[in-house]
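Protein chains in written order, with the working numbering: chain A, 1 to 337; chain B, 1001 to 1320.
This list has only true hints and no planted wrong ones.
So the derived list for chain B, only partly shown, Cβ under 7 Å to chain A, looks like this: (1) 1214; (2) 1219; (3) 1239; (4) 1243; (5) 1258; (6) 1260.
Calculated directly from the structure, the hints in this document are not laboratory data.
Quick reminder that beta carbons are idealized off the backbone N, C-alpha and C, glycines included.
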Amino acid sequence: MDKLLMELKNVEMYFFQKRGIFSPKISIGAVMGINMHINEGEITALVGESGGGKTTIANIITGLLKPTNGEVLFRGKNIYEMNRTEFKEYRHSVQLVQQDSYAALNPVRTIEHSLVGPILSRKIVKNRKEAIQKAKEALLRVELSPPEIFLEKYPHQLSGGQRQRILLARAILMNPSLIVADEPVSMIDVSLRIAILNLMSRLNREMNIAFLYITHDLATARYIAQNGSIYVLYLGKIVESGKTRIVLERPVHPYLQALLSAVPIPDPDIEARKRKLPIKSIDISFTTKLPTGCRFHPRCPYADEKCSKEEPQLVPIEGRLCACHYAESIPEWRYLE
Amino acid sequence: MDNLFEIRDLTIDFPLRAGTVRAVNHVDLDIPRGKITALVGESGSGKSTLATALIRLIPVPGKIVSGQIWYRDKNVLEMSNEELNKYRWEKVSMVFQAAQNSLNPVMTIKDQFLETIQIHSDYYDEEESLEKVAKLLDYVHLDAGRVLKAYPHELSGGMKQRVMIALALLLDPEMIILDEPTTALDVITQDYIFSILKHIHEEKGITMLLLTHDIAVVAKVAERMGVMYAGHLVEIGEVRDIFYNAMHPYTKQLLQAAPSLLDELKERNLITGFPLNPYNPTKGCPFYPRCMDSKEICKQQKPPITNVGTKHKVMCHQYI
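Please put together the full structure from these sequences, using the hints given.
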């Protein structure tokens, strides 16, 4: 039976912007009505376009950002009602691996410093010698060998893929139960992405670490979260969610269908036969002026008047949740003509 | 096949403190007129350096050690400054990687377009130029009324990229070089940008050179493709020939390393071994340490380039 690790209940994040002395503050709703479940040992994918709220959710889950409304629960307990010890335990248990590995490492410190610092300060080990030993073990786990060589290096001396592995090493040293990986492979060459994804899968299996894999790339999301769940985010709202296999086998929401159609396939004959993207306009509305009703309606090929007036709610359909007034009648998605 | 560019024996070195890196290693490459050619390779394979050589904008301290780049009957590497000014942006333009950062942050989009026209024209008329710019923006599906008066930071990544494409088209060049034009853009914007590029190509017959590490994108857009590894052009041919009949061991591995939406979900294989130390070039085949099919000769001798089909060449000892 799946054990619930983290839960977001009706989480909302508004950012307030001052407009001037006499104008009221306007609020920008970055994310609204978010309900998410992350189970122990499972890999969950969070998919959406840039500016859609993915990083906001990552920051809320890791406790870096307090939501305007709603609850964030770790092992059933609201993190903002925890005492200091409990909160510290939670913050160590949920680690963040960022997209820009170069920005995430102190450029004037060796890798040894970056890895050993956190373990010493958390007193996981007794002394520096043990800390270095643990750091070497972590480096071996992320397939950086021989570890001694890597401890001496500075971030700029490593490749993008190597730096990404260092970030993973730093995360696993904290013995986390969840790693939130925010676009971990988007800055790495396509041919090298699989190696990092396989590594994350291995860490998941061997160390029972849950992953929240955040991306705009459906091909990698499908690969890594194949046995877990997927949440599709559009302009701050979840539009479809469920088990990855079910959702991606028969996508319902028009936005998800458009996303899937947009992913290029490494096969020229298939690409030549592909249908045009089922989407109306390309430019996302800026988040200060959200569309009325369903946020996707200006770009949706199936939208009508109801869609511009009423916001759809997430309802169960065909084994997953989908927020669309016409979910039952959206045509089945096909890749080819 | 009529070639717009013929690159012969091009070698570019970067003398650095730790040693000299040979970024481009005796490359021969033809770029056919009116087609979209892609150059595929990982970061550090030399494709960007090679492309910058086409417009003589190789970053410091790169030095051209040998070779010629024939554009019509002129060698680009021997052009005078005067000739270069008439050539760059007017005959060949480039959209750089993360081009969004190429825009001047303290100038409006309108001023950046007008400035470009001014510098390249003997006779400049603001109204005429604005008309031309508005048409181009419309072509790349941007709202001229909104975009022209904006500063770069007010536009999204996808919008800035389209501005860069419009800027590259401004002087009606014969060829555009696009270096990873959709990195950092999401998949829907990427699809849109490529359909714009294809549309431009179909309507204007512009030759395009696309540099990328993403082979899926090549399948979508290109007609011819070359594969680069450690500064060498290891395979070149028509896109269908390469995808369905890849010859070079590196190409084969590259093709199966990219996760695809349609494949079976089994664990994919990564390319084994480690890349070459760039400071210590080998006298043998550069792919030898990672090649599954390698033999003794591969370690000792650099393979020659062999014809393996119609317009299909490969640099590998297996095919001699």
